[in-house]
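K.L.:
The hints should help you fit chain B onto chain A, whose structure is shown.
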Amino acid sequence: MLARSVTHALVGLEPRRVEVEAHIEGGVPGFAIVGLADRACAEAKHRVRSGIGSAQLEWPLKRITVNLAPAGLRKEGSGFDLSIALAVLAASRQIPADRLAEHAAVGELALDGRVRPVRGAFAVAEGARRAGLARILCAPESACEAELGGVEAIPVRHLAEAVAYLRGELRPPPAEPPAEAVEPDLPDLADVRGQERARRALELAAAGGHNLLLAGPPGTGKTMLGRRLVSILPPLEPREALEVMRIHSVAGVLPSERPLITRRPFRAPHHSASTAAIVGGGAGPRPGEASLAHRGVLLLDELPEFQRPALEALRQPLEDGVVSVARVQGQALFPARFQLIATMNLCPCAGRGDPAAECSCSTQRLAAFRDKLSRALLDRFDLVVTVPRPRAEELAAEPSESSAPVRDRVAAGRAQLEATRLRRTAEADELLNRAVERLPLSGRGRSRVARVARTAAALAGADGVLPEHVAEALAYRSPKELAA
Amino acid sequence: MNELTLASFAAAADLHLVGEPRGSRFAAFKARFDPRAELARLAALDIRFLARSDPSFPELLRAIHDPPPGLFLRGDADAELLARPAVAVVGARACSAYGRQIARSLGRDLAGAGLVVVSGLARGIDAESHRGALEAAGSTVAVLGCGIDRDYPAAHRELARQVAATGLVVSEYAPGVEPAPWRFPARNRIVAGLCAATVVVEARERSGALITADFALEEGREVLAVPGEITSALSAGSNALLRLGATPLTCAQDVLESYGFAAVAITPAELGEPAAAVLERIRAGPAGADELCRASGLAAGALAVVLTELELAGTVSVEDGVYRAAS
Numbered sequence: 001m002l003a004r005s006v007t008h009a010l011v012g013l014e015p016r017r018v019e020v021e022a023h024i025e026g027g028v029p030g031f032a033i034v035g036l037a038d039r040a041c042a043e044a045k046h047r048v049r050s051g052i053g054s055a056q057l058e059w060p061l062k063r064i065t066v067n068l069a070p071a072g073l074r075k076e077g078s079g080f081d082l083s084i085a086l087a088v089l090a091a092s093r094q095i096p097a098d099r100l101a102e103h104a105a106v107g108e109l110a111l112d113g114r115v116r117p118v119r120g121a122f123a124v125a126e127g128a129r130r131a132g133l134a135r136i137l138c139a140p141e142s143a144c145e146a147e148l149g150g151v152e153a154i155p156v157r158h159l160a161e162a163v164a165y166l167r168g169e170l171r172p173p174p175a176e177p178p179a180e181a182v183e184p185d186l187p188d189l190a191d192v193r194g195q196e197r198a199r200r201a202l203e204l205a206a207a208g209g210h211n212l213l214l215a216g217p218p219g220t221g222k223t224m225l226g227r228r229l230v231s232i233l234p235p236l237e238p239r240e241a242l243e244v245m246r247i248h249s250v251a252g253v254l255p256s257e258r259p260l261i262t263r264r265p266f267r268a269p270h271h272s273a274s275t276a277a278i279v280g281g282g283a284g285p286r287p288g289e290a291s292l293a294h295r296g297v298l299l300l301d302e303l304p305e306f307q308r309p310a311l312e313a314l315r316q317p318l319e320d321g322v323v324s325v326a327r328v329q330g331q332a333l334f335p336a337r338f339q340l341i342a343t344m345n346l347c348p349c350a351g352r353g354d355p356a357a358e359c360s361c362s363t364q365r366l367a368a369f370r371d372k373l374s375r376a377l378l379d380r381f382d383l384v385v386t387v388p389r390p391r392a393e394e395l396a397a398e399p400s401e402s403s404a405p406v407r408d409r410v411a412a413g414r415a416q417l418e419a420t421r422l423r424r425t426a427e428a429d430e431l432l433n434r435a436v437e438r439l440p441l442s443g444r445g446r447s448r449v450a451r452v453a454r455t456a457a458a459l460a461g462a463d464g465v466l467p468e469h470v471a472e473a474l475a476y477r478s479p480k481e482l483a484a
Numbered sequence: 001m002n003e004l005t006l007a008s009f010a011a012a013a014d015l016h017l018v019g020e021p022r023g024s025r026f027a028a029f030k031a032r033f034d035p036r037a038e039l040a041r042l043a044a045l046d047i048r049f050l051a052r053s054d055p056s057f058p059e060l061l062r063a064i065h066d067p068p069p070g071l072f073l074r075g076d077a078d079a080e081l082l083a084r085p086a087v088a089v090v091g092a093r094a095c096s097a098y099g100r101q102i103a104r105s106l107g108r109d110l111a112g113a114g115l116v117v118v119s120g121l122a123r124g125i126d127a128e129s130h131r132g133a134l135e136a137a138g139s140t141v142a143v144l145g146c147g148i149d150r151d152y153p154a155a156h157r158e159l160a161r162q163v164a165a166t167g168l169v170v171s172e173y174a175p176g177v178e179p180a181p182w183r184f185p186a187r188n189r190i191v192a193g194l195c196a197a198t199v200v201v202e203a204r205e206r207s208g209a210l211i212t213a214d215f216a217l218e219e220g221r222e223v224l225a226v227p228g229e230i231t232s233a234l235s236a237g238s239n240a241l242l243r244l245g246a247t248p249l250t251c252a253q254d255v256l257e258s259y260g261f262a263a264v265a266i267t268p269a270e271l272g273e274p275a276a277a278v279l280e281r282i283r284a285g286p287a288g289a290d291e292l293c294r295a296s297g298l299a300a301g302a303l304a305v306v307l308t309e310l311e312l313a314g315t316v317s318v319e320d321g322v323y324r325a326a327s
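Protein chains in written order, with the numbering used here: chain A, 1 to 484; chain B, 1 to 327.
Chain A extracted, bound-state conformation (with noise of 0.2 Å):
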């Protein structure tokens, strides 16, 4: 008595059709699962067996084989258990085969067999679809999730109702809309006090994409600058966001009770993160934090910290937009186009840039700290603002614009961006070249430059980039003593 049900593997994040076959024959009494398991995979046969036996249905005395193919792929997690269990189920005509097959599953059973979720329904439910099924069978916790993945949610909660619904008794509640995004308020520009130069660099990091360091002693609130980013950044498109739950589903940190994310991501990893946690890795690559801000805000506080391989690793998706995770079994392809915020202090010891400290740092321990940022790495960075300590009768300055205004004109500059192709004045190419001769300005930093002016003027709604352009760009250049 043979039996097939369909789930899907995950290679990154790449869905793989993986057919569960199972088999049942006389014998010795047994349970075998084959087909490259790990070790959470295998394992599904305790669960499964108990959740058979806890959903009052027989469990067959007899030799169970049960095949997961393609043999070659391997299967690593839990979520193979619910379709596992169905497959056995149908093998002892229990269920019946040919309604099974028209469905997709995934789920992890619990001993007492209810459906637990797992990460990455979203993509096992795309992969249903492009596999010409209309139906999976999941958890009612990744319902919504598997729902925007386009196919239709059955939501069960237990082994018991799956049978019921696939025995055609039960016909369980469809899966509930994703509830309209209730999301808590983004921290708002306004919090900022002065910081005008800051700001201004904030924004046209937003309007034209850049990335942006901020360095400055402590306590300047750079920080909070940067957390501030997402709020001025223009929602997400539906394709992008698609793109986004992909990645969120597949890490497992999609919120199951509102899945659809309409906000661009923001990550902040701590200083001691891996380079695996950074860009992705492990056996079955999994993303790291550069896709889960995938078309969002990465903000790598305190960038010197941060281990220098971490740091390299980034440079591969900066400039690609995609991180490539190669294993001896193939390669991973995470895509992680974020903006990168950095801030940092001018020095170990923090007193550089503060008038009211002294900088105690020897010219080797300076060189040692500017050392741990390569050029390269800081050549991915548009936009450099020193922020130096404010006095404090800054601090006590009226509150400043909120975001939401900032956001329009964001909106607005992007357009612009889009709409034309902003050319520079001749005169603005002189000013360019008098800066490249008059200050330390490398070939990059100069192309660097024309951007930043190029989104100054989409900002400024100009036709095309003017000197003053090109003028405030160079403000925001890279300044010689960030470099060792």
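A hint or two may mislead.
[Claimed, not checked] To give an idea of the chain A side of the interface with chain B (calculated C-beta under 8 Å), a few residues: (1) Gln331; (2) Thr386; (3) Pro390; (4) Glu418; (5) Gly464; (6) Glu468; (7) Ala475; (8) Glu481.
[Unchecked claim] Away from chain B, derived, C-beta distances all over 10 Å, residues of chain A: (9) Arg93; (10) Gly194; (11) Glu196; (12) His271; (13) Pro388; (14) Ser402.
[Claimed, not checked] Covered stretches of chain A, as calculated for chain B (at least 3 residues, CB under 8 Å): (15) 339-353; (16) 358-371; (17) 434-447.
Derived by calculation from the structure, the hints in this document are not laboratory data.
Bear in mind the structure is a predicted one, so any value in this text is a computation, not a measurement.
Note that beta-carbon positions come from the ideal geometry of N, C-alpha and C, so glycine has one too.
P.N.:
Frame of chain A, contents of chain B only:
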């Protein structure tokens, strides 16, 4: 070419020599040494040797207590450059933004007026004074404390190249001599010896720049010091010099007068209304962009435009986010 023998022997034996030693080692070396072959080797490296006995050896340097046997020269300028009126601008390697700014503008003004700016190619004040002189398209001389073929510190290789392109890099040490702690004080006597006046821009209590000042005083040369904040440890040494009677330096004119040079009047560029107001505020004291924003009433973007204009005109400079007026 006895001096060349002496300089080469010093390099080979890792000794610091100003006079001929009497030992047998030197005698043996002298017998073996072929000055012509050595000169050819130097020429291949694009290095010249200026012996102490050469008539174009700078008189001021010859007059010091222990003049070097000769100088190795690297660079496009004529050896005559060393005989021109020169001023040493020296100071600490670890210096403040203020010190850097002063060294740069002093280098610019002094070289612009026609003086040769002499310094030691070290980090901090030394490098800034060279850069200032180069900016003014003036002449500058870098005195090394290691073999003439070395660029020390390595980070200043490009600066050394620029100095050599219009001025001279000199050393009393033959090619191949490693930098060593005791060679830098010896180098300082040459820096002070080449110049009629030495300016100490910023120095800690026990800075090498004070050694240069001591050499200058011993030889009866003029010593000037730039007054620093009395609370700043970075200026403790230069302020101590002032207490001992060094001439306070408040502008390049103070040096130029003692040489009988007229300062080159720099005509200030025409500034627009907001730029002039911002410049005035910066002249009143160093300030960050946000403070200037509030003082001028300009939006951050418009202020950035003004500040870049001022920076390109050379009237302000920025470091660590703080804008300062160039003196």
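K.L.:
Each hint needs a verdict: does it hold in this structure or not?
P.N.:
Here is how each hint holds up against the structure:
Annotation: interface hint on A:Gln331 violated; nearest CB of chain B at approximately 40 Å, more than 8 Å. Interface restraint check for A:Thr386: the shortest CB-CB distance to chain B comes to about 3 Å, inside 8 Å, so the restraint holds. Hint status for A:Pro390: holds, given a least beta-carbon distance of 6 Å to chain B, under 8 Å. Restraint check, A:Glu418 versus chain B: the minimum CB separation of about 21 Å is more than 8 Å; hint violated.
Below 8 Å, beta-carbon pairs count as interface contacts, and A:Gly464 has none with chain B, the closest being about 16 Å; its hint is therefore violated. A least Cβ separation of about 5 Å between A:Glu468 and chain B falls short of the 8 Å threshold, and the interface hint therefore holds. Checking A:Ala475 against chain B by beta carbon gives a least distance of about 4 Å; that is within 8 Å, so the hint holds. Interface restraint check for A:Glu481: the shortest CB-CB distance to chain B comes to about 6 Å, inside 8 Å, so the restraint holds.
With a least beta-carbon separation of about 75 Å from chain B, A:Arg93 lies farther than 10 Å from that chain, consistent with its non-interface assignment. A:Gly194, annotated as away from the interface, has a beta carbon of chain B within 10 Å; the closest lies near 5 Å. Against chain B, the non-interface label of A:Glu196 is violated: not every CB pair exceeds 10 Å, the least being about 4 Å. At roughly 22 Å from the closest C-beta of chain B, the C-beta of A:His271 stays outside 10 Å, upholding its exclusion from the interface.
With a closest Cβ-Cβ approach of about 4 Å to chain B, A:Pro388 is found to fall inside the 10 Å limit, against its non-interface label. Residue-level check passed: A:Ser402 sits 16 Å from the nearest beta carbon of chain B, beyond 10 Å. Look at the segment 339-353 of chain A against chain B: 3 of its residues bring a Cβ nearer than 8 Å to a Cβ of that chain, three or more, so the hint holds. Note: the segment 358-371 of chain A has 3 residues with beta-carbon separation from chain B under 8 Å; the three-residue rule is met and the coverage holds.
Proximity of the segment 434-447 of chain A to chain B, defined as three or more residues with a beta carbon under 8 Å from a beta carbon of that chain, is established by the 4 residues found.
Hint compliance for this structure: hints 1, 4, 5, 10, 11, 13 are broken, all remaining hints hold.
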